[in-house]
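J.: The residues making up each chain are set out below.
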Amino acid sequence: MDEKIVRTCCFECHTKCGVLAHVKDGRLVKVEGDPDHPISRGVMCSKGLAATQILYHRDRLNYPLKRTRPKGDADPGWQRISWDEALDTIASKLLEIRSEYGAECVSFGQGTGRGTNQWYFRISSTFGSPNRANPSEQCLYPSITSSRMTAGKMLWWDWVDVESARCVVIWGSNRVWTEAGQTARLMSNIVDKGAKLIVVDPRFEHPLAHKADHWLPVRPGSDGALALAWLNVILHEQLYDRDFVEKWTNAPYLVWVDENRLVTQRDLSPDGDPKHFAVWHPLHDKAIPAQTSSEETAPALFGSYAIAGRECKTVFQLLLELTAKYSPEEAEKVTWVPAQRIRDAARMYASHSPGSAIDMMQGVEGQHTNSTQTVRALEILLAITGNIDVAGGHYSARFWEEMEGNHLAGIMPREQAAKRLGRAEYRLAQAPSTVWWQAMITGKPYPIKAHVVVAGNPLSWAANTNEVRQALMSLEFLSVMDYFISPTGQLADILLPAAHWTERDFIADEFCRQWYFAQPRAVEPGFERWSDLKFYLELGKRIAPEGWPWRDVEEVLDYQLAPYGKTWEQLKEQHSMQLETPHYKKYQKEGFRTPSGKVEIYSHTLQSLGKEPLPVYVEPAVSPFSTPELAQKYPFVLTAGRRIPVYYHSSLRNMPWLRQLAPEPEVELNTQTAKELGIKGGAWVWIETPTGKIKMKAKPTNGIHPQVVSATHGWWQGCPELGLPDYPDDMSNANVLSDNKSYDPVTSGPGMRSQLCRIYGAQEAS
Amino acid sequence: MSKQYAMLVDLRRCVGCHACTVACKQENDMHLSSIWNRVETVGPIGVFPDLKMYYTVKFCMHCEDPPCAKPCLTEAIYRRDDGIVVINPGQCTACDACIDACPYHVLFINPDTGIPEKCHLCAHRIEKGLKPACVSPCVGQALIFGDSNDPQSEFSQAIEAAGDNAFVLQAEAGTRPSVRYVKPQNSVL
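The listed protein sequences derive, respectively, from chains P and S. According to my numbering, the stretch in the first sequence is residues 1 to 766, in order. According to my numbering, the stretch in the second sequence is residues 1 to 189, in order.
Hints listed in this document are in silico derivations from the structure and should not be mistaken for laboratory results. Glycine included, every Cβ here is placed at the ideal spot set by N, Cα and C. Possibly wrong hints are sitting among the right ones.
[Stated by the list, open to error] Negatives, chain P to chain S, calculated, CB over 10 Å:
| hint | residue |
| --- | --- |
| 1 | LYS30 |
| 2 | GLY42 |
| 3 | TYR56 |
| 4 | ILE81 |
| 5 | THR89 |
| 6 | GLU555 |
| 7 | GLU688 |
| 8 | ARG758 |
[Stated by the list, open to error] With a straight-line Cα cutoff of 27 Å, these simulated DSS-like cross-link-like pairs (lysine-lysine) come out:
| hint | chain 1 | residue 1 | chain 2 | residue 2 |
| --- | --- | --- | --- | --- |
| 9 | S | LYS183 | P | LYS196 |
| 10 | S | LYS52 | P | LYS333 |
| 11 | P | LYS193 | S | LYS52 |
| 12 | S | LYS183 | P | LYS680 |
| 13 | S | LYS58 | P | LYS697 |
The task is simple: from the sequences and hints, build the whole structure.
T.: This is the structure:
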């Protein structure tokens, strides 16, 4: 018997936990956590541990298939074809559309992807289409965009140092479930080292809320007001890091009150530099050029001044005035969090700084119509408390600066980039997904005729499923590559079989802090399954050969590693390589890559785009406060998309080991509310918004505000082994409820997690 | 002195993620309907927003005085010298008497064979010097395995550190479980 253990990394999510894959006679028999992996240290989650079930599931796509019956037919008449036929069909369709209508009339899609962002970017750049229809606006892009504006670097995600922070704030994040390997020593930090824990989340059944020193059950979508309330406490009680604020933020910069823009040196003198700014010198009692050096005399942090009779204020003064409206008592009215908890939590966070970390994710960013400014407020919070680039705070890994570099992502021709749908309104981030769907349906402003999807199921991830379905039905051509036939796959013209992570050679790069890891295949790919990268390469050879000059996947991986003087074979041999030695306070040498070289409390970028330069709180597009009339009919605040530990987004419902642990699509509502509505636990209920309605099973709990309802997402798949049926026709698909009209003005996130709904027993369905 | 294998479940550290359950499923050949090692949520109790809850993990308690063994006429269930309570399927008559005898409800009938099955602390791994499969993936390091006879073992050290916060489930049942627990934060126990 041939037995081996392959050292690799998981990809049931982006965390890339180290895995020891046990293989017997070419068959994967077991996976276990790699105790020597420097991040996950042996930790694995239920999803990763189900790898053998996923790899060998009987419903996996094994061969390229083509549709032989019309779209919409219950039986697509799938017929097996060769990879060559599949690729030739896709390539000829894409080239035909490009020559007849333009490359922009093809969109490339993915969902969360399988770690192939750079190659996904590259296929669209090299083909020349600026339309990448993917959910980044409701995922990581708001935080990337915002932190680049604020600090010129990534402040979030893989290096929020919750494992050694003295105070850990979990704010709209649930990584012990969703990205366990990234939090491998979080509980040790709390239990053994006594780190403080604050959880900001609407749900008490969040896995850490009951362990927290303070739980702040924020009304979904009002996180921005809560962050301003923390800032209110910290500013009034002077709990900020004055030295950092003075030297490394634009807090002392002067702003014209009438124009709401920064005072430039050109404003002070005709030969002054319009790209440099001004501060108030308290001793000389006049405006002087702000120096980028840290040696200057301390400028005024607060105050209102006059330059030639015109009023200006410091950025910090404006922040103070903005936060003045959000005392904990006032914020309680908006956020529904008791004022004392707000005050206690803000003090705890600030008094343990530097060395306090805020772990913020999709509960805040991307899925509210006001999320960019919430993220901005949190960035200002962590900056003024001195938590950037310190142990126990927020460090920025080099990868985030490279992922989208031309080296990997390719170069989009300028004239094509200019054609990106929605670019006029959304300069910094992609436009709301509705722009693609509308282009598919109406052909306006130009048609999208073909859509090439890898690892994506927009019928689950995108807002307003009905619009997405209509759009996909309107396409001339759709290809979908995945493990299983998803609802999106059901509408495809060509289906492609994706290799599981245990069947592919790849580099674990994103989300790996200072490392790259080899992710070699444990077993040979089954049937005719290909890795996503192999598909991009072979398609690239056909549609953009100059951008894909490699013979095989190994050459592509070598190309990625070449700047580090490594080859794929070498990385595989050594398993990991360290890209940088982390060193804190890098900004002391490098400054911040922002227009001012400092952390921008007042965002010059946002101001120049005509957006709010300070983190002004705006109510969600719909809420009891912004749309009180609508709230009469839809009295509950709905947050959709809370995580289930055994699933990754809309996948894995067909894995018996996992499904039996979370069998039903559940909606949580307060026990008392349920009683008043006559809703019993386990009963089917309708959840209805102005956009649509779905059925889920009621789960009454004391752990949620009486006026808040929390729905899960991603339900479409059945599990025959457990007698659980599919959920056809979007019966329990949470995005049927999501509105496709209102979006975040900067990063275009939809309001999936801050909607209004009503809820009633399913017997009233008719 | 012989080894006495035991497990400590530190409820302060459990985040209810089910990794242990699936690790157990992967490691051990069990019927789909059996869940040898399951995570339960207790609570939330109280009135919003003043609440308490915790997660707990239930599996065979490997009792010193195992009640499941008592009704077994063929001695198919027994406690090994190393403290692990096991079922010998070859000797089992599928009478089911053990199922209800267990106050912890952690024995499962395999519907295909009629034979009960349960956690055996991954005895096959322990024999190779490994820990039970549920231990290493745990993100909270909530499961602490070791030899309770060895004062230097991780288990013994953790029990000592836990002091009065360590307890056994349903002590009144008098089964003297080898599996112990550490009380959760803001204990509702």
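J.: Look at each hint and say if it fits the structure.
T.: Verification of the supplied hints:
Distance to chain S contradicts P/LYS30 as a non-interface residue, since its nearest Cβ pair spans about 6 Å, not more than 10 Å. Remark: the non-interface label on P/GLY42 conflicts with the geometry, its nearest Cβ contact in chain S lying 5 Å away (cut-off 10 Å). The claim that P/TYR56 is not at the interface with chain S holds, since no C-beta of that chain comes within 10 Å of its own (minimum 12 Å). Annotated as non-interface, P/ILE81 keeps its C-beta farther than 10 Å from every C-beta of chain S; the closest such distance is 35 Å.
In this structure P/THR89 is separated from chain S by more than 10 Å, as the shortest Cβ-Cβ distance comes to about 39 Å. Non-interface status of P/GLU555 relative to chain S is upheld: no Cβ of that chain comes within 10 Å, the nearest being about 35 Å off. Its beta-carbon lying about 24 Å from the closest one in chain S, P/GLU688 satisfies the requirement of being farther than 10 Å from that chain. Its beta-carbon lying about 20 Å from the closest one in chain S, P/ARG758 satisfies the requirement of being farther than 10 Å from that chain.
Of the pairs offered as hints, the one joining S/LYS183 and P/LYS196 holds, with about 18 Å between alpha carbons and a cut-off of 27 Å not exceeded. Between S/LYS52 and P/LYS333, the direct Cα distance comes to roughly 24 Å. Compliance with the 27 Å bound is thereby established for this hinted pair. For the given pair, P/LYS193 sits about 23 Å from S/LYS52 by alpha-carbon distance, which is consistent with the 27 Å threshold. Restraint check for S/LYS183 and P/LYS680: the C-alpha separation of about 32 Å exceeds 27 Å, so the hint is violated.
The suggested pairing of S/LYS58 with P/LYS697 holds, with an alpha-carbon distance near 26 Å, which does not exceed 27 Å.
Checked against the numbered hints given earlier, this structure breaks hints 1, 2 and 12; the rest are met.
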